[in-house]
Amino acid sequence: MLGENYNPMAWPRLTFVIGKGGAGKSTVATALATHLAGIRPTVLADLDQRGSAARLLGLRPPDDGMVRAAQRLDICSLSARRELEHFIERIVPVRMISNRMLGSRTFTYVTAALPGLQAFLLLSRLSSMAGEAAREDRYVVVDGLSTGASLELLSVAAGVRNLAGAGTLNRMAAELETFIADPNRFGVAIVVSPQELALREALEAAGRLRDQFRIDRVVAILNGVAAPVFTKVEAEQAMTADPEHAGLVRRRMDFDAAARRVRKELGAAGLEVIELPMLFTAAIGQAEVARLSRSLRNKVTA
Amino acid sequence: MKRSFIHRGTHRLLLCLGPGGVGKTTTASALGLRAALEGGAVDVMTVDPAPRLLDALGLDAGTSEPQAVALDGLSVSGAGSMRALKLDPKRTFDAVVERYAPTRAMAGAILENRLYRNLSEALAGIGDYMAMEKLLELYDNPSTDLIVLDTPPAREALDFLGAPERLLDLLNSRATTLLGGGLRLSDLAARAVLSAFDRVTGLHLLGDVHAFVRSFEGMYQGFAERAARARTILTGPECMVLVITSPEELRVEETGAFIRSLDKAGIAIDALVVNRVAPPMPDQLRLGKVKPASLQNKLRRNWRDFAALKERESASLRMLGEMLPQGVMMLAAPDLGREPRSLADLAEIAGTIESADLRER
Numbered sequence: 001m002l003g004e005n006y007n008p009m010a011w012p013r014l015t016f017v018i019g020k021g022g023a024g025k026s027t028v029a030t031a032l033a034t035h036l037a038g039i040r041p042t043v044l045a046d047l048d049q050r051g052s053a054a055r056l057l058g059l060r061p062p063d064d065g066m067v068r069a070a071q072r073l074d075i076c077s078l079s080a081r082r083e084l085e086h087f088i089e090r091i092v093p094v095r096m097i098s099n100r101m102l103g104s105r106t107f108t109y110v111t112a113a114l115p116g117l118q119a120f121l122l123l124s125r126l127s128s129m130a131g132e133a134a135r136e137d138r139y140v141v142v143d144g145l146s147t148g149a150s151l152e153l154l155s156v157a158a159g160v161r162n163l164a165g166a167g168t169l170n171r172m173a174a175e176l177e178t179f180i181a182d183p184n185r186f187g188v189a190i191v192v193s194p195q196e197l198a199l200r201e202a203l204e205a206a207g208r209l210r211d212q213f214r215i216d217r218v219v220a221i222l223n224g225v226a227a228p229v230f231t232k233v234e235a236e237q238a239m240t241a242d243p244e245h246a247g248l249v250r251r252r253m254d255f256d257a258a259a260r261r262v263r264k265e266l267g268a269a270g271l272e273v274i275e276l277p278m279l280f281t282a283a284i285g286q287a288e289v290a291r292l293s294r295s296l297r298n299k300v301t302a
Numbered sequence: 001m002k003r004s005f006i007h008r009g010t011h012r013l014l015l016c017l018g019p020g021g022v023g024k025t026t027t028a029s030a031l032g033l034r035a036a037l038e039g040g041a042v043d044v045m046t047v048d049p050a051p052r053l054l055d056a057l058g059l060d061a062g063t064s065e066p067q068a069v070a071l072d073g074l075s076v077s078g079a080g081s082m083r084a085l086k087l088d089p090k091r092t093f094d095a096v097v098e099r100y101a102p103t104r105a106m107a108g109a110i111l112e113n114r115l116y117r118n119l120s121e122a123l124a125g126i127g128d129y130m131a132m133e134k135l136l137e138l139y140d141n142p143s144t145d146l147i148v149l150d151t152p153p154a155r156e157a158l159d160f161l162g163a164p165e166r167l168l169d170l171l172n173s174r175a176t177t178l179l180g181g182g183l184r185l186s187d188l189a190a191r192a193v194l195s196a197f198d199r200v201t202g203l204h205l206l207g208d209v210h211a212f213v214r215s216f217e218g219m220y221q222g223f224a225e226r227a228a229r230a231r232t233i234l235t236g237p238e239c240m241v242l243v244i245t246s247p248e249e250l251r252v253e254e255t256g257a258f259i260r261s262l263d264k265a266g267i268a269i270d271a272l273v274v275n276r277v278a279p280p281m282p283d284q285l286r287l288g289k290v291k292p293a294s295l296q297n298k299l300r301r302n303w304r305d306f307a308a309l310k311e312r313e314s315a316s317l318r319m320l321g322e323m324l325p326q327g328v329m330m331l332a333a334p335d336l337g338r339e340p341r342s343l344a345d346l347a348e349i350a351g352t353i354e355s356a357d358l359r360e361r
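Keeping their order, the protein sequence lines are chains B and C. Letter by letter, the first sequence follows residues 1 to 302 of the working numbering. Letter by letter, the second sequence follows residues 1 to 361 of the working numbering.
Among the hints, a few may not be true.
[As the list claims (entries may be wrong)] Under the rule of at most 30 angstroms between Cα atoms (straight-line distance), these lysine-lysine pairs were calculated in the DSSO-like manner:
(1) C:K310 / C:K291
(2) B:K264 / B:K299
(3) C:K291 / B:K232
(4) C:K310 / B:K232
(5) B:K232 / B:K264
(6) C:K289 / C:K310
(7) C:K289 / B:K232
Keep in mind the hints are simulated off the structure, nothing from the lab.
The following block holds chain C by itself, in its conformation from the complex (with noise of 0.2 angstroms):
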């Protein structure tokens, strides 16, 4: 297969930022299989994958371990090969914890600690800060030509470059003044606040989250290591940032919001994919050949009722391509019409992502 815009450049990374609902692991996927097709050794991470998706991949969704994605079935002279995995953040923190943890005792108050048993899921940002752990660990591969990273579906556009940070505010030492003796004003402030939380509601918390912070004493530092090592790549120069959306009018406001969000923050995109575009009109004058008369009537109704989806689709793609930055790529990953369930749909959309630039149409 042709090399594609993946490669440009010395890319090992491929960063898949979008809101939810965009089909962001579809085209993931699709992009990772593209580069494996080319003849690259990638690993596709997911997040929350549909369970139609894992089955097109051939993936166990009991573990989180990469797994082989079978290509010989596509039959492309030149392949590489694929690897994908499915992440399960409690699982992968469980396993950092047992890691990292300077003595097993440590490891198990962590794990036992009421705070993180029930609300591990809600813990500030936790997902996304595993996601990092698996990336670097995935990095650290040198056979590993490419890897591509999905995230989940985030309301803000940095909800995922900085959760790590979030997750850190919550460990550091600071947290631990402020639950155990903090000096500021504002830090009274927020201990009082705590407290008469704590008091009134009877939940009895800041002792579960006092310890909580504590048992990560020690920890601190590698979590805090590990964070800006994985910030430096995802930032820096072999890192592909895209931004998926779908030609929906209502994403319109929101894909900008994001884009303009991460320009803010200093982060630059590398190319805009909309997902879910739908294949060009036919010619509807081509109809007047068709016989009987009440058939060629429903077909022309059936092309009208396309056409002005169509029509407000155009319009989505015109208002993101003026709204993106120059030198930003824009491109299309076409609408099979069905949602993709083998590897075969999966290829057929990575095979015409490229061909689509929709500002030089």
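Same shape as in the complex, but just chain B (with noise of 0.2 angstroms):
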């Protein structure tokens, strides 16, 4: 399965973070964009529009171009619809008119004409990226999209290669299928919480990630695994010592089920699993994501 240039220890250039709504995915790549600042400077894009890693960080969503967050590390946000802007504001050169069609009906009708065309050219925009990053040695996060859509962002590589049998088109589909294929340049992190149905979407999606777009380098990482508190012996005394604490008790101990039965199907699934915890804390911002940071700190080495 592993490319004959593939170094276990290289992180890719550019890592796509993908997950299930409520997994901690923006969480997960604001903490993993930090850690990695640590070791290069590093650009945290947000596809996911919402702001999230912005506002993590303390800072207001960048609408265009760049915030710096700290000393290396950079936030940006990219949208489907501006990389269509921009592909046709270089199409068609006079600015009046690509204004008007911009605004107009009709550029409803050419996106909807030539569906995919939007994720290509975002597909086009993360390999040049990864293309910089690689020269000048730097690392890219995405806080991608939820897992549906990721990989409808992913297939659309093949599917142009598909429709456009020669021409350009083709090379470049065919280039973007080398680039997520390139363990070096692309990886993909799915983002699970410990619960039965974040499990099952991310299996889904790793086989498919695997077996259809051959991406060679998917990690796991599982978010929110809560530290034990009580034995099995442990808990029962303390469900009969107390009735009212018992709903509390219980819920503890489904959290270390829960955890323990996704681990283990991760891992048979041939997954890499990095695990974050579950921060009990009654908000979740810069000190929570500077903890998270911490703690993929063995986990993720250059």
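Put the complex together from the two separate chains, hints included.
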């Protein structure tokens, strides 16, 4: 499975972070970028549109361009729509016409008539960002999309290559397929919470990423693993000791059981699993992101 | 079962909107179940149910026809009936094309089109449009009291309600003009972009798009009429609009934006349902009596951990409450501490949904 030049120690230039809504995708992406920025300059690209990454670091989300979040960490925001606008501005050199087009219903026809175009342009952008990162010895972390939307985005390379039998687009599509399969340039981190539904979705996604898209570097980040408090015997004692607290003890034990099951199944699927602790804090902000990034220290190495 | 907010007024439709990953399908199903247990004849239409939920409802994933949900196991007296269906956009679209195409040959031309076959899933708003088609079908059944409509996870609040218009835009005769012989400056520019893209890329998509749009000639009118009718129903007084969310901090801003854009589009929401709200915390003082001390300490630590989470949740709920327009209900669906795996679990959620208007507490 692994390519000849594969170096298990090298973290890919670009990490595409995906996950089920509520699994903590943005928090994990921000923590990962913070950690990597301790090794090399890092760009955190927010594709998620909610501006969560910036907010977690106590900043206002950038509209366009970059904001500096820390000494070696910059945040930028990406959107498929903006890539399409840039593309049309390039193709239609007369500003007045392209502006009118972008503001008109005609624009809707163009986008509707070429489904996948926006995704294709976005994927091309990621590929060039990874290229730049390699040249300038940086990392890129993308706070990506929900799992389903991410798979749709990645499938566009093969989809376009099949549609266009030959020509430039066929070549571009083939290049994108090579890009996402290259473990040095591209990796996917699937954020999983210790829950059945998130696990199923992650396993299915991992299977497709590896078999269908030939993506070599797929890791699972198991987010929100609660440290065990009670042994089984203690839990039983505790539940009889105070019936009102029994509910909380049961929840704690359910956390443990869920984490064990999910850890086991991810491992059985042959996935590299990185665990992050559950934070029992009254808020999630800069301090918590810093804590998570510290716990990545020995798990994600350059 | 006592009749709940679902039956206030004359609602025949419950539209469940909301961002992805908040448990929208589960909540929609629980609300449908509640209405059925209160005696209604209820149809629940889901878009992307989890396998567990399909199991809980006893649904076969292989069909997109309504299937009866067996309620007798819950032994609730006076229960009505519930049907659930899982929408398969591609299959529904095929069926719509077959039903409304003027000739078999035209239906064949659409279904065989390269664009349709490769990209129908990505084709602008097709899934949402199909949800509307199915909705009208269910709506025209007079023996149904209530339809609960779960929607695909949306990034933008208006994704769902605006989808039919996007599809119609593509099929509009103006699109044909654009591809065949446009006149306006911006149209010409759009055509130039398309053909430049086609030429440079070797995609040769234009011909297919043109053929695809052309093959809908004669069907457009019907499509437009049904979309308009669905929109009238969905924005009319018979439809109760719910926004479903969960109490995570990072969701608050997103939910607020969601509600504001609905408001801007003139769509009044009736209630915000916050899913997975943790139960109230027990009293920590009770732990003073627990022995041995080591166990007491562990119980205290466990309490502190959960209390911190509860505090985080309360802050989110407060912010959600503050951004909600006057007169909009705010309801909580309980966190069972596990994922619902049976109809009884769903009934447990359903039974406690109303009891928690958080702002009145």
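Here's how the hints hold up against the structure:
1. C:K310 / C:K291: Judged against 30 angstroms, a Cα distance of about 26 angstroms means the pair holds.
2. B:K264 / B:K299: 18 angstroms, holds
3. C:K291 / B:K232: Given pair K291 (chain C), K232 (chain B) holds - Cα atoms ~17 angstroms apart, limit 30 angstroms.
4. C:K310 / B:K232: Between K310 (chain C) and K232 (chain B) the Cα gap is close to 25 angstroms, so the pair holds against 30 angstroms.
5. B:K232 / B:K264: 19 angstroms, holds
6. C:K289 / C:K310: Holds, at roughly 24 angstroms.
7. C:K289 / B:K232: Between K289 (chain C) and K232 (chain B) the Cα gap is close to 21 angstroms, so the pair holds against 30 angstroms.
Checked against the numbered hints given earlier, this structure breaks none of them.
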